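What follows is each chain in one-letter form.
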Amino acid sequence: MSQPILQARGLTVRFGGLTAVDRVELDLPEGQLAGLIGPNGAGKTTCFNLFTGRIKPNEGKLTFAGQPIVGLRPSRINQLGMARTFQNIRLFGELSVLDNVLVGFHGGLKSNFLSAILRLPGYVAEERGMQRRAGEILELTGLTRLRDEPAGSLAYGQQRLLEIARALATDPKLILLDEPAAGMNPQETTGLAALVRRLRDELGVTVLLIEHDMRFVMKLCEQITVLDHGKVIARGAPHQVQRDPAVIQAYLGAGEGEGVAS
Amino acid sequence: MPRNPHEKFGLTALLKPGGLLSPGALPPAHQTRRRDTMLTIGACLLAALGLWLLEGHASGYVVHLTCVGAIFATLAVSYNLINGVTGQFSLEPNAFVACGAYVTALLTLSPAEKEASFILEPLIWPLSAFSIPLLPALVIAGLLTALMAFLMGFPVFRVRGDYLAIVTLGFGEVIRVVANNAQSVTNGPLGLKGIPHITNLWWSWGLLAVCLFFIVRLVHSSYGRALMAIREDETAAEAMGINAFWHKMLAFTLSAFFEGVAGGLLAHLITTISPSLFTFFLTFNLLIIIVVGGLGSTTGAVLGAFLFTYGGEWLRVVEEPMQLMGLDIPGIPGMRMVIFSLILVGVMIFLRRGILGRHDFSWRWLLASLGLGRGSKA
Amino acid sequence: MDAAQLTQQMINGLTLGSLYALIAIGYTMVYGILRLINFAHGDVLMVGCYFAWFGAVQFGLPWWVALMGSMALTAALGVLIDQGAYRPLRQAPRISALITAIGVSFFLENLGLVVFGGRPKAFARPEMFNHIYQWGEVRVLSLSIWVPILTAIILAGLILFIHRTRMGMAMRALSRDLVTVQLMGIDPNRIIAATFALGSALAAAGGVLWAMKYPQINPLMGVLPGLKAFVAAVLGGIGNVTGAMLGGLLLGMAEIMLVALLPELAGYRDALAFVMLIGILIFRPTGIMGEELPE
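Sequence order for the protein chains is A, B and C. Take the position in the first sequence, starting the count at 1, then add 9; the result is the number in the numbering used here. Take the position in the second sequence, starting the count at 1, then add 13; the result is the number in the numbering used here. Take the position in the third sequence, starting the count at 1, then add 12; the result is the number in the numbering used here.
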């Protein structure tokens, strides 16, 4: 636990004249349930995009599991053990629920394409293993019933769960959840909270999540980082962050209806 | 983009759950694998019997057409792998077919034949000095075409969408220009003549079988799922650990391999090749085939290829003089292509997913549709 | 190569480049607004040439009347193609529209073959374009002087139009985003129609000048100029009218200079555009005028 699993130093990215992420520092201890919050446009999703290699920072360093990851392809970063979900759900809409999960295993596949075509024993064993583990993940996320449905036909909340299921299939050490509860009803949100906790407790996955549902964040997360205008303005346990004047100011100043202390 | 996999238009409605041809949930593939393999082998034997009968009893014209159909089916299935399955809309198959055709022909033509053909400039050594049998020539042609695709892939897959289309089309044009100008290799605009007529039903259908074996199995493997994931959402696929670039390369080079081999067989079917045979027009025909069949459906590509081959012959009536209600209507040469173009535009507007959408044939589906084999030892 | 030859080749390059520029603008305007490579643009140009041919040769109209008439008819054709083939696909994936455009392109070519026949038709050069000017060693056809001049006039008019008129400004706005245009209260479909009309009219002008240069027309004449003009548009930075002009000039110059300086490679001239295209997409994907490539 000494070495943080994800570490950001001076992380900065600019789009044109706008500094979207400004010298962000982050130390995410392994096994933590952490939250990343802030008003709309604070740079939260941009941070996720930076961590996962989708965009490259202008400045700064990123270390994941002891390895520098700036400049690596997103697929490589994922293979190192960082998975994510997307705020604006990006499932493989025409593939079945099961296939969406199976796709997640592909990055870890050892057999080459010829042995896959020729169905050599090594590939067949791997495929069987993927099918079995996909079944377990669907069971865990409660999607077993829907395994043959096209992902695009699922209800909103189920699609969010499938995003998590697919990310889990990549066998992550760290999972980044981008607004996992958005669009869910209270019952689904409760289920989601339980699922996220199980990911950490039973599978040992470190979780970093962005969420606007403050009750959800405050109840679930052990450590919260608050971003505003691309800068980290506060960090700490939920009850500390909630009372932080800078945080209250940021949320009030943003003029949003969402209170921190709800 | 509408994500609903079942478009409201046309024939795909039949395949919708509850539609005429949709038996509902199918038994899982792994439970019926042995039975399905037996059925496939049986079907292949049946097809072979059919070809044998065709060879013995049908006219030379029908046999030729059936060879062309199989070659086009091979081309369409390969083209569909990159365009339909992987969703990388590219326009270069004419280049790959040309490469395969020229390489194979240059390897099989006898030195004497080559010397007679290359009038303006002699063929470069060592090509001028030897010839080899068709089978190794086809393999070499396929590998060289795949290598060309591999090298092309580096610049080409830096771009996406319609830029990819234009760059690949540009490559096709470059190859045609090279074929026209590299006199000492391609014999320029004169092309190659006297290529031995070796391709028959067994060669063409054999290639189709091999191609289907490879591509269907690839598509129904973890690699196939990865390719489709790239088609559906490249960003998400990358985030799930799939290296989009190398997977596109895989689909591209594999399809180039089979397109090259098919080009070689085509050359040994029509016995004369020249650069004018491999213009964008060839790609256009393949595009119609895979779009009408259903972009992304291997079954659709095969179906489209045979519809195109036989339908195209049938459509020749519009180019011939005919009598209609006592009126003499002169033939209109070129009318077929007008109709083909209209079909393409019409399909895009009214039946965007083609005949089969992204559905593929499987024994499970067929048997379940016939009311057999449902829930077999589940 | 001596100075006289160089001058002569420069003029040739300028002429060819102007023609590419005229055609490239239609591509770039449509792309800017619809993100559609209007594959049929080169074939629209071909039809425009036949319109002018009918006007000038069959009906014996003065060349400039035939040109104007052809531009008007071709503009109508462009709008018709958009309304008939592209408009139903506005909400469809972009690739569907591209496939349709390829279909329309082949439709026009083959319809041209059916209706006009495959044999090239002679396109008489009007008297004023048929002089040979001679300065010392430099011999130049008057057409080669007139083409850049006419092009410059047309382009000046175009730039005034898109910067000064309400419709022109709406076009520019639409190529950035739709919301502004809706705020301006102009129906986007009218703007798109106007764009097709304008682009097609320019293609007709380019085509007629092209036909005078060679001087013959056939149903497949639009294919290569069309493709190359698209490359020119990308070279200049697609969606950008000034870029399209620069790209066209650059491509024309490069082609002529390739033939002039490396005559043994003259046969590869038609491949040059695509080699440049591949090069620019690798090294500077935003083109000369540098707007972002859309994903």
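Some hints could be false.
[What the hints assert, rightly or not] Examples of chain C residues toward chain B, derived with CB under 7 Å:
#1 Q95
#2 A97
#3 I107
#4 G115
#5 F119
#6 N122
#7 V126
#8 G279
#9 D282
#10 A283
#11 F286
#12 I290
#13 I292
It is worth saying that the hints were derived from the structure and are not from the lab. Everything numeric in this text was worked out from a predicted model, so none of it was measured. Where a beta carbon is used, it is the ideal one built from N, C-alpha and C, also for glycine.
Hints, one by one, checked against the model:
no., hint, verdict
1, Q95, "12 Å, violated"
2, A97, "6 Å, holds"
3, I107, "5 Å, holds"
4, G115, "4 Å, holds"
5, F119, "4 Å, holds"
6, N122, "4 Å, holds"
7, V126, "5 Å, holds"
8, G279, "4 Å, holds"
9, D282, "5 Å, holds"
10, A283, "4 Å, holds"
11, F286, "3 Å, holds"
12, I290, "5 Å, holds"
13, I292, "10 Å, violated"
Comparing the model with each numbered hint stated earlier shows that hints 1, 13 do not hold.
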